[in-house]
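Peer 1: Those protein sequences? They're chains Y and P, same order as listed. Offset between the first sequence (1-based) and our numbering: plus 159. Offset between the second sequence (1-based) and our numbering: plus 38.
Warning: the hint list may mix true and false statements.
Said to hold, decoys possible - What follows is a set of in silico ranges between Cβ atoms, one per label pair, in the way DEER data are often shown: (1) Y:187 - P:381: 49 to 59 Å; (2) P:99 - Y:180: 17 to 27 Å; (3) P:179 - Y:530: 25 to 35 Å; (4) P:253 - Y:350: 48 to 58 Å.
Since the hints were made in silico from the structure, they are not lab data. Positions of the beta carbon are idealized from the N, C-alpha and C atoms, including for glycine.
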Amino acid sequence: MIKDDQSVPLLEVRGATKSFGAIRALKGVDLSILPGEVHVILGQNGAGKSTLIKLLAGVYTPDEGEILWRGEPVTIQSPVAALDLGIATMYQELDVVDGLSIAENIYLGHEISAAGFTRTAQVNRLTRDLLVRLGHGDLSPTREVGSLSPANKQIVSMARALSRDTRLIIMDEPSAVLDSEEVKNLFRVVHELTAAGIAVVYISHRLEEIREIGDRISVIKDGRTTAVGLPVADTPTTELIRLMTGRDVENVFPPAPPLAQDAPELLRVENLAVRGIFQGVDFTVRAGEVVGLAGLVGSGRSEILEAVYGALKPSSGSVTVDGVKLKSGSVRDAVNHQMGLSPEERKSQGLLLEEPIYQNVTLSSFARFARATFLNEGAERTAAREQIEALELRPADPDRAAGTLSGGNQQKILLARWLVHGTKVLLLDEPTRGVDVGARSEIYGLIRRLSAAGTAIVIVSSEIEEVLGLADRVLVIAEGRVLATVNADELTEHAVLDMVMEGSAA
Amino acid sequence: MSEQTTVPSAQPVTPVLPPESTHDSTSPNLLARLLNSGIGRNLGLVIALGLLFAIGAITAGEDFANIENVLTIVRYASIIGVLSVGMTFVIISGGIDLSVGSVMGLGSIIATLAVVQNIADQSTWLVIVVVAIAAGVLVGIINGIVISYGNVVAFMATLAMLVAARGVAEILSNRTSQVVRSQDFIEFFRSNILGVPVLIWIFVVVAVLGWVLLNRTTFGRRTVAIGGNREAARLAGLKVKRHTVYIYALAGLTSGIAAVMILGRTTVGISTHGTLYELDAIAAVVVGGTLLIGGRGTIVGTVFGVLIFATLTNVFIQNGLNTSVQAVAKGVIIVLAVLLQQRFAARKRR
Numbered sequence: 160m161i162k163d164d165q166s167v168p169l170l171e172v173r174g175a176t177k178s179f180g181a182i183r184a185l186k187g188v189d190l191s192i193l194p195g196e197v198h199v200i201l202g203q204n205g206a207g208k209s210t211l212i213k214l215l216a217g218v219y220t221p222d223e224g225e226i227l228w229r230g231e232p233v234t235i236q237s238p239v240a241a242l243d244l245g246i247a248t249m250y251q252e253l254d255v256v257d258g259l260s261i262a263e264n265i266y267l268g269h270e271i272s273a274a275g276f277t278r279t280a281q282v283n284r285l286t287r288d289l290l291v292r293l294g295h296g297d298l299s300p301t302r303e304v305g306s307l308s309p310a311n312k313q314i315v316s317m318a319r320a321l322s323r324d325t326r327l328i329i330m331d332e333p334s335a336v337l338d339s340e341e342v343k344n345l346f347r348v349v350h351e352l353t354a355a356g357i358a359v360v361y362i363s364h365r366l367e368e369i370r371e372i373g374d375r376i377s378v379i380k381d382g383r384t385t386a387v388g389l390p391v392a393d394t395p396t397t398e399l400i401r402l403m404t405g406r407d408v409e410n411v412f413p414p415a416p417p418l419a420q421d422a423p424e425l426l427r428v429e430n431l432a433v434r435g436i437f438q439g440v441d442f443t444v445r446a447g448e449v450v451g452l453a454g455l456v457g458s459g460r461s462e463i464l465e466a467v468y469g470a471l472k473p474s475s476g477s478v479t480v481d482g483v484k485l486k487s488g489s490v491r492d493a494v495n496h497q498m499g500l501s502p503e504e505r506k507s508q509g510l511l512l513e514e515p516i517y518q519n520v521t522l523s524s525f526a527r528f529a530r531a532t533f534l535n536e537g538a539e540r541t542a543a544r545e546q547i548e549a550l551e552l553r554p555a556d557p558d559r560a561a562g563t564l565s566g567g568n569q570q571k572i573l574l575a576r577w578l579v580h581g582t583k584v585l586l587l588d589e590p591t592r593g594v595d596v597g598a599r600s601e602i603y604g605l606i607r608r609l610s611a612a613g614t615a616i617v618i619v620s621s622e623i624e625e626v627l628g629l630a631d632r633v634l635v636i637a638e639g640r641v642l643a644t645v646n647a648d649e650l651t652e653h654a655v656l657d658m659v660m661e662g663s664a665a
Numbered sequence: 039m040s041e042q043t044t045v046p047s048a049q050p051v052t053p054v055l056p057p058e059s060t061h062d063s064t065s066p067n068l069l070a071r072l073l074n075s076g077i078g079r080n081l082g083l084v085i086a087l088g089l090l091f092a093i094g095a096i097t098a099g100e101d102f103a104n105i106e107n108v109l110t111i112v113r114y115a116s117i118i119g120v121l122s123v124g125m126t127f128v129i130i131s132g133g134i135d136l137s138v139g140s141v142m143g144l145g146s147i148i149a150t151l152a153v154v155q156n157i158a159d160q161s162t163w164l165v166i167v168v169v170a171i172a173a174g175v176l177v178g179i180i181n182g183i184v185i186s187y188g189n190v191v192a193f194m195a196t197l198a199m200l201v202a203a204r205g206v207a208e209i210l211s212n213r214t215s216q217v218v219r220s221q222d223f224i225e226f227f228r229s230n231i232l233g234v235p236v237l238i239w240i241f242v243v244v245a246v247l248g249w250v251l252l253n254r255t256t257f258g259r260r261t262v263a264i265g266g267n268r269e270a271a272r273l274a275g276l277k278v279k280r281h282t283v284y285i286y287a288l289a290g291l292t293s294g295i296a297a298v299m300i301l302g303r304t305t306v307g308i309s310t311h312g313t314l315y316e317l318d319a320i321a322a323v324v325v326g327g328t329l330l331i332g333g334r335g336t337i338v339g340t341v342f343g344v345l346i347f348a349t350l351t352n353v354f355i356q357n358g359l360n361t362s363v364q365a366v367a368k369g370v371i372i373v374l375a376v377l378l379q380q381r382f383a384a385r386k387r388r
């Protein structure tokens, strides 16, 4: 048990600023973290959260302002200096080494050794203790980290923090890669850490989550803290959104227009299966209809989308778009028949991060912009500019590199790509992952407008609420099987979870 | 999301061409655009080349700084230059082609086989040119198929081809040199057009066509897309595998052209032609600013890279320094260039 004077903040930041060239990432940040609390930092993408974390982790040093550690001014010169103080950071892209064992990862950089030889037995024993403390005694210390799920990699990352004398753990959107069950476990672990006197700085977009886990909240907007240390319990959600976005946003799903009786069927999936992953998937989507796939991570929901799109070769079954049966396992054929996919991993599967917006937007539609293979860049830019305007994409510059945009705007690039191409069927995998609240409701609005314009949409999301809010019909999926197909208005989040749990257990 | 925005049409929209490029982003900042254009981005390379010229002019004086010598430098650079243009595409796509040098040797042998020369004697010396290029393209296609459909890492596939192509060349030629009989062929490649040697013209044409292909066509855009993010390119509906074959075929094409050029310069086909040229080509491409991991690179940079190495060699020769010192200097330049690249990349990432 760590004893700290509860009245002295563990960590204080006063008026910190940080610029990169002409860009002022932080314009004045204050923060005060108490021992043993869960302090949530809230902010939209690009607000400066990542920069702030890196100041605390010793990756950057502030230009102005000061950092106080247990009341004493400190300069955190390097990541090692941060660790020595007792500040550990769990980055979003977990910094574990896949090729090493759990134990080796945990003691990486502070190996326990005698005369230069690592003391494997002792390290493994200590690792087991740490894992038990985190509620994961079932994991073997010698198991290779590459074989672990993202949730378990997180556990390894946390164990590493605990293996040192850590007073403060910074968690950068730890729940982003987890499903609801894993999030529950994460929260349990966080509670145990705080009970042991360790403070946790918790970064998240998910407002509902913050209610459950946070003690106090600080909000960052445009590089400035707009609120410091608000008690979670007494602050209404609308107030938090206002602090974060500077305007009032209603975080609700726009109502769906009634589906026309004679709306044509645009997508028909029959008996689709990929051996070992999912089987017997049947569904149809009509023009203007939104169908959701609800299930846990690993249930096969993303693979179903990929197989429909041809990115994953199905072992049996067929996909028909607007009456035309697609060539099995051919993305090209799907795209030619106006089917589009916005993939789960925007950055690694969707975008050319180094290339400008307009080149990302036209990537699937070269035929339209090329004469005899010569591209007309003027036409490309014009098309991109039209989409930028229609989708309110920011910054409104077709020449900006896609990688410099926020998550929400990157998502809009992908939507723009399929709008330019012209789509009858749009498959959306996690369309709002890593997208902040303000941009989120914009994406919802766009999806509605697309379906109102006659596109057939299939949506997959970890957030069941999102699936229920957007879809007309929902396919509940567990362990590669469709458990039920239900009208969305007859379902609740609870009911879906119950079904999924039972389906998984069976 | 305000209500007055237009509803994006989900139906295929007819392409809207710009009325005129008046509202294009040409106006905003002339200086910034200039710096972003070819010359600006390659400023470091321009300076490096300028420095080398200055050093050459100071140390070797009149012997270095004359038109004749400049033409010698570019002529020397031309063969590696042609190979490097093909290599630029391969590296931008995220691959590598180690076989270009030995494919060049193989091309020079196949094009000077007795049977080919007989046909050439009876018809035209262009037969030699066509055969050499066809041989290069064929080998490139084999490379591409093995890499793309066989899922063999490019490094290994083309390393195997490097060894094998040289072996085939030795078998076909029985390790002897094959003299080009066609005087017209020899005459043509010895001639000048507008006072500039034909070899240099070939380099210029290949470089210009390469620039157009990379910057103005769907082929170039696809190449960048595949190198930048292979999975995203696939999911966007690009035929990634087929395009990869095309890219290696292009590298083979430039190897074939290089084979013709070396036949023109030396008038003999020999299996050792082009030995280690692949390394010079890769070095020129990387020094020219193309990222080895793919997704980014320029033909202009590559041309500068080639000229820098050629000038360096010339400066050393003019000063009577041996090739070993030269090799050390080359190595230092390569490392410096990559270091600078990383600096640049790190700054951009923020």
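Peer 1: Next step is simple, just say for each hint if it's right about the structure.
Peer 2: Now for the hints, and whether the structure bears them out:
no.: 1; hint: Y:187 - P:381: 49 to 59 Å; in the structure: 30 Å, violated
no.: 2; hint: P:99 - Y:180: 17 to 27 Å; in the structure: 44 Å, violated
no.: 3; hint: P:179 - Y:530: 25 to 35 Å; in the structure: 27 Å, holds
no.: 4; hint: P:253 - Y:350: 48 to 58 Å; in the structure: 57 Å, holds
Checked against the numbered hints listed earlier, the structure breaks hints 1 and 2; every other hint is satisfied.
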